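Can you build the whole structure from these sequences, using the hints too?
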Amino acid sequence: VVSFLNSLSPDWWASQTVTPSGLTASNATASSIDLSWSPIVYTGGGGYYEVRYSTSSSGPYDQIGCTTADKITATCTVSGLQSSTQYTFVVRAYTEVNANNGTAIWSSDSSSVNASTSGIGSDMPSPISPANGAILENILRPTFEWAAVSNAVYYHIQVSDEADFDDALALTTSTNTIT
Numbered sequence: 764v765v766s767f768l769n770s771l772s773p774d775w776w777a778s779q780t781v782t783p784s785g786l787t788a789s790n791a792t793a794s795s796i797d798l799s800w801s802p803i804v805y806t807g808g809g810g811y812y813e814v815r816y817s818t819s820s821s822g823p824y825d826q827i828g829c830t831t832a833d834k835i836t837a838t839c840t841v842s843g844l845q846s847s848t849q850y851t852f853v854v855r856a857y858t859e860v861n862a863n864n865g866t867a868i869w870s871s872d873s874s875s876v877n878a879s880t881s882g883i884g885s886d887m888p889s890p891i892s893p894a895n896g897a898i899l900e901n902i903l904r905p906t907f908e909w910a911a912v913s914n915a916v917y918y919h920i921q922v923s924d925e926a927d928f929d930d931a932l933a934l935t936t937s938t939n940t941i942t
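Going by our numbering, the sequence shown opens with residue 764, and the numbers climb by one from there.
Hint data in this document are derived by calculation from the structure and do not stem from the laboratory.
Careful: at least some of the hints might be erroneous.
[Said to hold, decoys possible] If you anchor each label on the Cβ, the simulated ranges turn out as follows: (1) 806 - 915: 44 to 54 Å; (2) 932 - 806: 57 to 67 Å; (3) 919 - 794: 38 to 48 Å; (4) 818 - 898: 34 to 44 Å; (5) 901 - 842: 41 to 51 Å; (6) 862 - 792: 38 to 48 Å; (7) 784 - 932: 23 to 33 Å; (8) 874 - 794: 20 to 30 Å.
It should be emphasised that the depicted structure is a prediction, and the values quoted were computed from it without experimental measurement.
Every residue gets a Cβ at the ideal spot worked out from N, C-alpha and C, and that includes glycine.
The structure is reproduced here in structure tokens:
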């Protein structure tokens, strides 16, 4: 069908609600993921994009994640997600009923993209001293300090002199510093 349409008019797709392409996911947090894609050429007739998702890689994509205000905007953030969970996303374009078309039109779903939310919430302690990943040489009793997290009952840290943490020492404290 596409070959036939191309033979009649190579720019046929510029006036159609075609499937968006180039869907990517980025900036995953514990509860949200940003999505972006290449917008379709046809922006007439009103409409928008709809991002849908599933926890199954093969769908069904029955959860609406976000919609855009129009067909020019090609990004949106899906929020309210569960932490430590893999999601599969698709995007589709929608064109409203208009003077050139008496029927509302949905494009097919885009190719899917997988992304996972993180397992750590936004209240993650961040290291103050020493810097994250620092190598401490010839220090027998280092002091570790991190930004306190409100409502934290205790902190559990692991310290090791091995990169694979095979011999990790586990420490628990109710304060944001330990020696």
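For each hint, the structure was consulted:
1. 806 - 915: 44 to 54 Å: holds (48 Å)
2. 932 - 806: 57 to 67 Å: Holds: the Cβ-Cβ distance is about 59 Å, inside 57 to 67 Å.
3. 919 - 794: 38 to 48 Å: Cβ of residue 919 to Cβ of residue 794: about 22 Å, so the range 38 to 48 Å is violated.
4. 818 - 898: 34 to 44 Å: holds (40 Å)
5. 901 - 842: 41 to 51 Å: Taking Cβ atoms as reference, residue 901 and residue 842 lie about 47 Å apart, which means the hint holds.
6. 862 - 792: 38 to 48 Å: holds (42 Å)
7. 784 - 932: 23 to 33 Å: Given range 23 to 33 Å: violated, Cβ gap about 50 Å.
8. 874 - 794: 20 to 30 Å: holds (25 Å)
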